[in-house]
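Here the protein sequences line up with chains A and B, keeping their order.
The opening position of the first sequence corresponds to residue 1 in the numbering used here, with each subsequent residue numbered one higher.
The opening position of the second sequence corresponds to residue 1 in the numbering used here, with each subsequent residue numbered one higher.
Calculated directly from the structure, the hints in this document are not laboratory data.
A hint or two may mislead.
Simulated crosslink set (BS3-like; lysine-lysine; CA at most 30 angstroms straight-line) [unchecked claim]:
hint	chain 1	residue 1	chain 2	residue 2
1	B	Lys57	A	Lys22
2	B	Lys13	A	Lys22
3	A	Lys58	A	Lys22
Cβ-to-Cβ under 8 angstroms is the rule here; a few derived chain B residues that face chain A [claimed, not checked]:
hint	residue
4	Thr5
5	Phe69
6	Asp99
What follows is a set of in silico ranges between Cβ atoms, one per label pair, in the way DEER data are often shown [what the hints assert, rightly or not]:
hint	chain 1	residue 1	chain 2	residue 2	range
7	A	Gln60	B	Asp99	38 to 48 angstroms
8	B	Arg67	A	Ser28	15 to 25 angstroms
9	A	Ser28	B	Thr38	22 to 32 angstroms
10	A	Gly41	B	Lys102	31 to 41 angstroms
11	B	Lys102	A	Gln60	12 to 22 angstroms
12	B	Arg30	A	Pro111	12 to 22 angstroms
Only a predicted model underlies this, so the values are computations on that prediction, with no experimental measurement involved.
Glycine included, each C-beta is placed from N, C-alpha and C at the ideal position.
If you want the building blocks of each chain, they are given just below.
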Amino acid sequence: GENVEQHPSTLSVQEGDSAVIKCTYSDSASNYFPWYKQELGKRPQLIIDIRSNVGEKKDQRIAVTLNKTAKHFSLHITETQPEDSAVYFCAASGSTDKLIFGTGTRLQVFP
Amino acid sequence: KAGVTQTPRYLIKTRGQQVTLSCSPISGHRSVSWYQQTPGQGLQFLFEYFSETQRNKGNFPGRFSGRQFSNSRSEMNVSTLELGDSALYLCASSLAGGDGEKLFFGSGTQLSVL
Numbered sequence: 001g002e003n004v005e006q007h008p009s010t011l012s013v014q015e016g017d018s019a020v021i022k023c024t025y026s027d028s029a030s031n032y033f034p035w036y037k038q039e040l041g042k043r044p045q046l047i048i049d050i051r052s053n054v055g056e057k058k059d060q061r062i063a064v065t066l067n068k069t070a071k072h073f074s075l076h077i078t079e080t081q082p083e084d085s086a087v088y089f090c091a092a093s094g095s096t097d098k099l100i101f102g103t104g105t106r107l108q109v110f111p
Numbered sequence: 001k002a003g004v005t006q007t008p009r010y011l012i013k014t015r016g017q018q019v020t021l022s023c024s025p026i027s028g029h030r031s032v033s034w035y036q037q038t039p040g041q042g043l044q045f046l047f048e049y050f051s052e053t054q055r056n057k058g059n060f061p062g063r064f065s066g067r068q069f070s071n072s073r074s075e076m077n078v079s080t081l082e083l084g085d086s087a088l089y090l091c092a093s094s095l096a097g098g099d100g101e102k103l104f105f106g107s108g109t110q111l112s113v114l
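This is chain A alone, in the form it adopts within the complex:
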């Protein structure tokens, strides 16, 4: 069945360092890969997304890369700040357009 694996489950970095979260998907028909950020006690919100016809997308300190051959995609956050602390979810569109989410990565940025 459709599956999205996400690693690591927790990630601690020093303020100013970079953070990388990786996801692997199983459905070769997936063509849309969003990332959601959920701050403590709040709703998940879309922070960046990428489609299968693009290999990389950047938005200020956040970038996402996609390797369709290997079925991998990753979130890169540079110059991390304490407000980046949250749970990050990757997702991949399934064969029936529903989004399959990963299990989440808890990122902690220490000042």
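Mind docking chain B on chain A? Use the hints.
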């Protein structure tokens, strides 16, 4: 524009009871999806409704059901509650639920089953 509204915010029930959760999508959005969020399991897809019809369904038992009304508001029902049903239930709306559409999440209903 008002966001996605879920009610109630918190619920405490006992095993065997049933519960109904409500979700009002953003005005103009016709697709509503439901997710179960538990620690370590991420967001697990329950089902999606579009134009009052269930269009997609996840791998949950039949105790989990839903419906959508003509104004796009959606309800989710869980019957014969089990301890393992304790979770945050999130709904998300989008314009038409098509591939690549941004999902807007509600704040969720935190369900505790005792």
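Hint check:
1. B:Lys57 - A:Lys22: Holds: lysine 57 of chain B and lysine 22 of chain A sit about 26 angstroms apart, inside 30 angstroms.
2. B:Lys13 - A:Lys22: violated, 37 angstroms
3. A:Lys58 - A:Lys22: Holds, at roughly 16 angstroms.
4. Thr5: At 11 angstroms from the nearest chain A Cβ, threonine 5 of chain B fails the 8 angstroms test, so the hint is violated.
5. Phe69: violated, 21 angstroms
6. Asp99: holds, 5 angstroms
7. A:Gln60 - B:Asp99: 38 to 48 angstroms: At 26 angstroms between Cβs, range violated.
8. B:Arg67 - A:Ser28: 15 to 25 angstroms: violated, 33 angstroms
9. A:Ser28 - B:Thr38: 22 to 32 angstroms: At roughly 28 angstroms between Cβ atoms, threonine 38 of chain B and serine 28 of chain A fall inside 22 to 32 angstroms, so the hint holds.
10. A:Gly41 - B:Lys102: 31 to 41 angstroms: At roughly 22 angstroms between Cβ atoms, lysine 102 of chain B and glycine 41 of chain A fall outside 31 to 41 angstroms, so the hint is violated.
11. B:Lys102 - A:Gln60: 12 to 22 angstroms: About 18 angstroms separates the Cβ atoms of lysine 102 of chain B and glutamine 60 of chain A, which means 12 to 22 angstroms holds.
12. B:Arg30 - A:Pro111: 12 to 22 angstroms: violated, 44 angstroms
Consistency note: the structure conflicts with the earlier hints numbered 2, 4, 5, 7, 8, 10, 12.
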